[in-house]
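Visitor: Spelled out from the first residue to the last, the chains are:
There are 2 protein chains.
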Amino acid sequence: MKKILILAFAALGLAGQTTGDGPQFSPDGQLTLPKDYRQWVFLSSGLGMTYGPAASGDPAHPLFDNVFVNPSAYRAFIETGHWPDKTMFILEIRSATGQGSIINAGHYQDAVQAIEAEVKDEARFPQTFAYFGFGGKDSATALPADSSCNSCHGQNAAVENTFVQFYPTLLEVAKAKGTLNAAFLRKSIAEPVAK
Amino acid sequence: MKKILILAFAALGLAGQTTGDGPQFSPDGQLTLPKDYRQWVFLSSGLGMTYGPAASGDPAHPLFDNVFVNPSAYRAFIETGHWPDKTMFILEIRSATGQGSIINAGHYQDAVQAIEAEVKDEARFPQTFAYFGFGGKDSATALPADSSCNSCHGQNAAVENTFVQFYPTLLEVAKAKGTLNAAFLRKSIAEPVAK
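Chains as they are written, first to last, in the numbering used here: chain A, 1272 to 1466; chain B, 1272 to 1466.
Next up, chain A with everything else stripped away, as it sits in the complex:
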């Protein structure tokens, strides 16, 4: 029985880790870059999307962007169509290469060029959502509440301050749950291609 209990509590510890995947801040308010974000849930990627804060506008050198979200927030979104408090997104920007191995056309991903984050934290940020650029470091300070990130996300995002219009699996969830922003829906009717 003692051995079973030890095993059981070890298992409880493992299960507990899966819910402790939200943003981590240092005492002075710096957001820590999660070491394991590549094991978070992938939402989508794009190539050469000029909306990306660090995306290159040079069509000859387009950049890939990969978006990841912490797993517990993903599961909550699937259930509700809303992001829970302590949701965290990582935007990983990589260079694109079209040469190598068997490739004779197209692009695949190469080195990291930038890592950015978006965090939902109602107690920490009066504007609820905050944006971060890591600049090659493993921690980052929130951009000011009136940054261009805040205003663009606030005006154009499909669900809350997040660009769910670019995450095809989640867009379907938001449609089904009725959680698309009113401003996004109005624009979609005016410009149907915007979905």
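Any given hint could be a false lead.
Since copy identity is lost for identical chains, a pair holds within one copy or between any two.
[To be verified] Here are the simulated DSBU-like pairs of lysine-lysine, each with C-alpha atoms no more than 30 Å apart in a straight line:
(1) K1408 <-> K1357
(2) K1357 <-> K1306
(3) K1408 <-> K1448
(4) K1306 <-> K1448
(5) K1446 <-> K1306
(6) K1408 <-> K1446
(7) K1357 <-> K1446
(8) K1448 <-> K1357
(9) K1357 <-> K1458
(10) K1306 <-> K1408
(11) K1458 <-> K1448
No lab work stands behind these hints, which were simulated from the structure alone. These numbers were taken from a predicted model, which means no experiment stands behind them.
Chain A is fixed; fit chain B onto it per the hints.
Guide: What follows is chain B alone, placed relative to chain A:
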């Protein structure tokens, strides 16, 4: 104590699920499409890569490919640079769109066009690795051992039969662990751009 034990065994059940993420076959040998593969570990994506079995060769309509692997196999690869038995990859192919929302250049992902899989199963397949196309269904039969998938992966892949050369985070692991295929290394020396 009874309540603790129930909780503990529930937790054991949860923990058990995370290691039971390998390929599932029906009694007649059909591979099941995992419902949760979008929560597996994302390896990389590309756009318009003509090596992809279902990729379009039409440069006006390039396709995205997303590659996912079951989490337990990913963790084993990070430790060893090798894929364990019961590794399973999903190749998800999506259409690309450049119109919509705030996008004025570049491409982002849209509807699923095809889903394919690669499975490592030493007991089930004499050739160890097998390839599957789901064709819109939720199960698939392995392609013959002499399929073009088998021969191309066997001749060109960087690690075992897998295109780790296109997964930048794993390529670093394979280099560090010394698990790159000899044929891949020879080609890389002859054509340095192939890495």
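Visitor: Of the hints stated earlier, which fail here?
Guide: none
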